[in-house]
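> Residue strings, one per chain:
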Amino acid sequence: MSDAPASDVPAAETPDQAGGRSVLDKRVDRRGALGMLLGGVVMGTQALGACAPLSAETDEAREIKLLAWREYIKGNYRFMTEGERADTIARLERLAQLQRGVDVTIQSTGAQPGVQFGYAFNISKCKGYRRCVEACINENNLDREAATQYIRIFEMEDGVLDLDEADATFQHEVPAEGHFYLGTQCFQCADPPCVKVCPVGATWQEPDGITVIDYDWCIGCRYCMAACPYWARRFNWSQPEVPREEVNPNQHYLGNRARKKGVVEKCTFCIHRSRQGRLPACAEACPTGARVFGNLLDPDSEIRWVLAHKRIFRLKEDLKTEPRFWYFTD
Amino acid sequence: MHLKPFLLTALDSATSGGRRYHLWMGSLTLIILVGAYAYYVQLRYGLGVTGMSDQVSWGLYISNFTFLVGMAAAAMMLVLPAYILHDVDFASAVLMAEGVAVAALVMALGFVVVDIGNPFAGWHLIPGIGYLNWPRSLLSWDVLVLNGYLVLNLAIPFYILYNHYAGRSPAKNKYLPWMYISAMWAVSIHLVTAFLLAGLPSRPFWNSALLGPRFLASAFTAGPAFVILLLHFVRRTTQYAIADGAFSKLALVVVAAAQINLVMLLSELFYEFYSPTHHGINARYLFFGLGEHRALVPWIWTGIGLNVCSTIVLMIHPLRHNPRWLMPACATLFMGIWIEKGIGLVIPGFIPSPLGEIVEYSPTWVELCVTAGIWALGLFVLTVLVRVALPIELGQARSPYLEPALVPPTVRPRAARPRYEEIRPVRRR
Amino acid sequence: MSWIRVDAAAVCVAAAWLASGCREPEMTKGEEPPKTAVAVPIDSATAARNASLEPGVLATVQAVPVERWKGPGDRPFEVARRSAAPEAGHSRQFGTITLPIALRTRTAAISQYPCTSCHLGRKVVMANKRIGDAHNNIQPVHPDQTGAVCSTCHSADDVALLTLKSGERATLDESYRLCAQCHFPEAKAWAGGAHGKRLDGWQGRRVVMACADCHDPHKPGVEVRIPFRAPQLERTRSKVP
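Top line first, the protein sequences correspond to chains R, Y and F. Each position in the first sequence, counted from 1, maps to that position plus 9 in the working numbering. Each position in the second sequence, counted from 1, maps to that position plus 2 in the working numbering. Each position in the third sequence, counted from 1, maps to that position plus 9 in the working numbering.
Simulated from the structure, these hints should not be mistaken for laboratory data. Treat the hints loosely; a few may be bogus.
To be verified - Listed below are the simulated DSSO-like cross-link pairs for lysine-lysine, each with C-alpha atoms no more than 30 Å apart in a straight line:
#	chain 1	residue 1	chain 2	residue 2
1	F	Lys79	F	Lys197
2	Y	Lys6	Y	Lys174
3	R	Lys83	R	Lys269
4	F	Lys174	F	Lys228
5	F	Lys228	R	Lys319
6	R	Lys319	F	Lys79
7	R	Lys319	R	Lys329
8	R	Lys329	R	Lys205
9	F	Lys197	R	Lys319
The model shown is predicted, which means the values in this text are computed figures rather than measured ones.
Whole structure, please, built from the sequences with the hints as guidance.
Dropping the structure here:
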């Protein structure tokens with residue numbers, strides 16, 4: 010221990026000499042000072058903690074805390090057993106009830122065997138109405154505050170199929186003369202670069218081809234967003250807000266259930282609908298029939314007919330991501 | 003036996019000092035606290051308080067992370083010659099360099115943590131209780147190598163200092179193998195960070211084979227430049243003797259790496275602009291702007307200007323050996339590399355987006371305060387490490403369990419050696 | 010030895026079971042569709058599934074099997090009745106909002122139906138040009154473009170039916186038979202699934218919309234609309250107090 014530097018400090022006084030001086034004049038060394046500070050902090054927090062029971066904590070609040078804790082310590086959905094999945098879904102449904110007052114049904118429907126989803130988009134038929142965007146926002150409980158949109162509709166000049174020259178922010182009467190329209194969303198690539206780069210394995214591809222995210226396992230590093238060549242993923246920069254009366258209660262754990270801030274989300278081909286044999290909201294809402302959806306493994310499906318009979322192309326084909334989303338013309 | 007006095011001595015060294023020292027540490031602490039408050043705001047309201055967007059999803063934090071991993075790697079530049087080639091000149095500087103490595107690593111890890119959207123879920127990264135997607139995800143590699151490198155750079159100097167403190171010389175066969183591993187590991191941490199970016203075909207600005215070598219070249223420019231500045235400061239303010247050879251050799255490393263960095267930059271410019279393709283649109287945005295979107299153009303040209311000027315200065319032999327030129331050149335080179343590799347690399351990768359949309363980026367007060375806080379934390383850590391190491395290396399701090407006669411001072415007192423200014427007087431105008 | 014007998018029996022049973030699976034699946038040919046429009050009853054299982062998904066998705070859609078055209082894989086498919094009740098399946102719920110899913114809204118459809126309510130089954134005299142009469146809501150853009158007159162498509166003997174070039178007559182639910190006479194590439198794409206819309210999901214029975222559900226046969230051009238709101242490129246910044 011180093012000696013205290015020589016200074017004009019008077020020698021330590023005995024308690025007798027202290028006499029009428031106040032306790033604040035007492036000299037301590039560095040170690041003693043640190044010890045006293047720590048002791049004060051500890052005692053202070055104890056005192057604060059002791060005050061807590063005075064605030065009324067309702068049974069509901071206690072239940073929410075317990076449910077939130079159980080949700081926090083759970084594992085990756087991909088590796089959960091059926092029982093664990095049922096448990097987490099029950100907890101999430103109860104939390105939705107307690108915290109938001111909405112009654113939701115969260116499915117855990119698995120992929121149907123013998124199904125691989127494919128999607129085709131007719132760029133001759135799309136007129137830029139963005140009815141698909143509207144349906145998607147409502148079906149998937151997208152953040153109204155941030156105006157998140159999974160689908161982007163690009164307006165391009167006739168003869169120039171170049172995304173760099175396209176405009177997605179058009180707000181005029183459509184279809185505009187001399188232009189055509191092309192829509193993008195997550196293409197559920199067969200070799201997804203986003204799945205490869207996730208450090209915690211929070212995103213993976215299901216057997217029916219849909220790339221899904223476990224929102225509770227995602228740490229929000231956004232590496233997948235950097236890796237996606239089609240700008241398909243969105244991040245919750247703030248707590249997503251959906252008005253209670255607009256919440257779609259028909260949800261899927263891997264799809265449109267309530268997300269939280271700090272996690273990534275994206276189009277899942279409306280997994281809560283497509284796994285029940287229904288069309289995704291965008292395909293159903295399109296008034297011109299520009300969107301074709303179906304099972305690629307069924308040789309008699311419409312999507313297979315389109316792929317066999319129409320001149321098709323995909324975006325950024327050279328990147329070999331093998332998207333399951335084709336474009337065609339009349 | 004010596005551990006408890008070692009730790010107490012360390013605490014003492016770190017907390018005692020003159021007025022300037024306390025002012026320095028006090029202001030650093032203040033900046034750290036401001037950064038902590040800004041981080042609290044970010045935790046509370048989400049990353050939306052930053053300037054990032056779905057299009058530019060990585061910003062100031064990852065820019066700094068990329069730069070600092072390079073700095074951490076380059077500190078090992080000194081280790082190789084000192085320990086393995088027994089270059090005496092470097093021996094005195096090595097522990098400082100390791101301190102720089104630790105501080106840079108702490109900062110880099112800090113930037114990753116503040117960039118994550120859901121940091122309380124960070125335990126998901128721990129293999130065993132979470133799930134680490136290794137080896138497919140380059141970020142999982144980064145997690146492993148950065149933490150491993152941190153452990154190495156804490157353990158080895160600790161071992162050496164502790165042995166010096168305890169009055170014995172550290173056993174070469176115990177730490178030398180780890181030194182070899184650490185030297186190779188240093189190259190790998192920066193290559194992994196480079197591959198993290200270069201392995202994404204969705205980002206043509208980064209997706210080149212040259213990115214890894216560029217990273218190493220710029221790291222070996224900025225890292226030793228910072229170490230030179232630190233050593234100069236230590237030499238001027240303490241009794242610790244640093245050989246002139248350390249400065250001249252480090253400066254040589256800096257200028258060689260700076261020249262290689264410029265050549266690589268030239269290569270990139272040629273590749274992007276000789277036959278412009280769609281893939282070069284990010285480079286066009288960075289260097290010349292796209293339409294009215296020109297936010298990064300002044301930054302990158304300033305950065306390149308600083309790099310070029312500093313490199314030219316350092317290439318001139320007499321200037322490189324003159325601290326009056328060497329130090330400012332190193333400082334400007336450091337800043338130039340920070341601009342070119344930090345914001346001049348990460349952010350233009352996102353503009354325009356893969357679908358051609360242009361959304362520009364500018365950091366908010368939250369990002370700036372958190373960044374300042376983490377830099378202050380790094381400098382704080384560095385100061386503490388240097389303050390702990392120096393008394394031990396100077397022979398002033400020894401275990402109380404030792405007999406004084408057993409321990410000769412390991413370093414000649416400074417008074418016996420001529421100061422640089424006495425043998426090479428500086429011209430005063 | 011008894012175990013040989015048991016083994017032999019087991020092998021025979023296994024062989025028989027395997028052989029039964031090797032048979033080519035019989036192509037179940039659908040029965041010849043009836044000549045007149047008949048509502049196909051929805052089986053209870055489908056109705057139950059439809060009801061569980063969302064009330065009224067397909068439960069109210071009346072569909073007619075399609076004649077002469079087969080879907081992909083030569084599978085027969087059905088077309089939604091044109092003449093059924095107006096609210097049949099042309100809007101859907103997405104979340105909590107309801108959106109129309111056809112180009113034409115249902116109420117702009119056949120506004121004066123059934124035809125016999127005015128024409129009382131009597132033969133109609135059709136002029137070559139539409140004159141001011143009860144059908145003045147119809148703007149004959151397509152007929153004028155193609156040089157058609159009313160009697161080209163509408164039957165004078167039975168105004169509820171359409172005439173085809175072959176001399177046959179088709180109901181209003183079978184407009185595809187009429188349009189396909191000229192627009193055969195679109196009709197082929199429609200049957201294959203690249204043109205038009207499917208009313209139910211991607212799985213199960215295929216019910217599609219008829220031509221006139223989207224295209225006004227007298228004025229088929231695509232209408233101009235104001236689109237749903239554009240995306241914001243700049244993110245809304247979080248509000249920090």
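> Each hint needs a verdict: does it hold in this structure or not?
Outcome of the hint check:
no., hint, verdict
1, F:Lys79 / F:Lys197, "9 Å, holds"
2, Y:Lys6 / Y:Lys174, "24 Å, holds"
3, R:Lys83 / R:Lys269, "16 Å, holds"
4, F:Lys174 / F:Lys228, "21 Å, holds"
5, F:Lys228 / R:Lys319, "27 Å, holds"
6, R:Lys319 / F:Lys79, "18 Å, holds"
7, R:Lys319 / R:Lys329, "21 Å, holds"
8, R:Lys329 / R:Lys205, "14 Å, holds"
9, F:Lys197 / R:Lys319, "12 Å, holds"
Of the numbered hints listed earlier, not one is contradicted by the structure.
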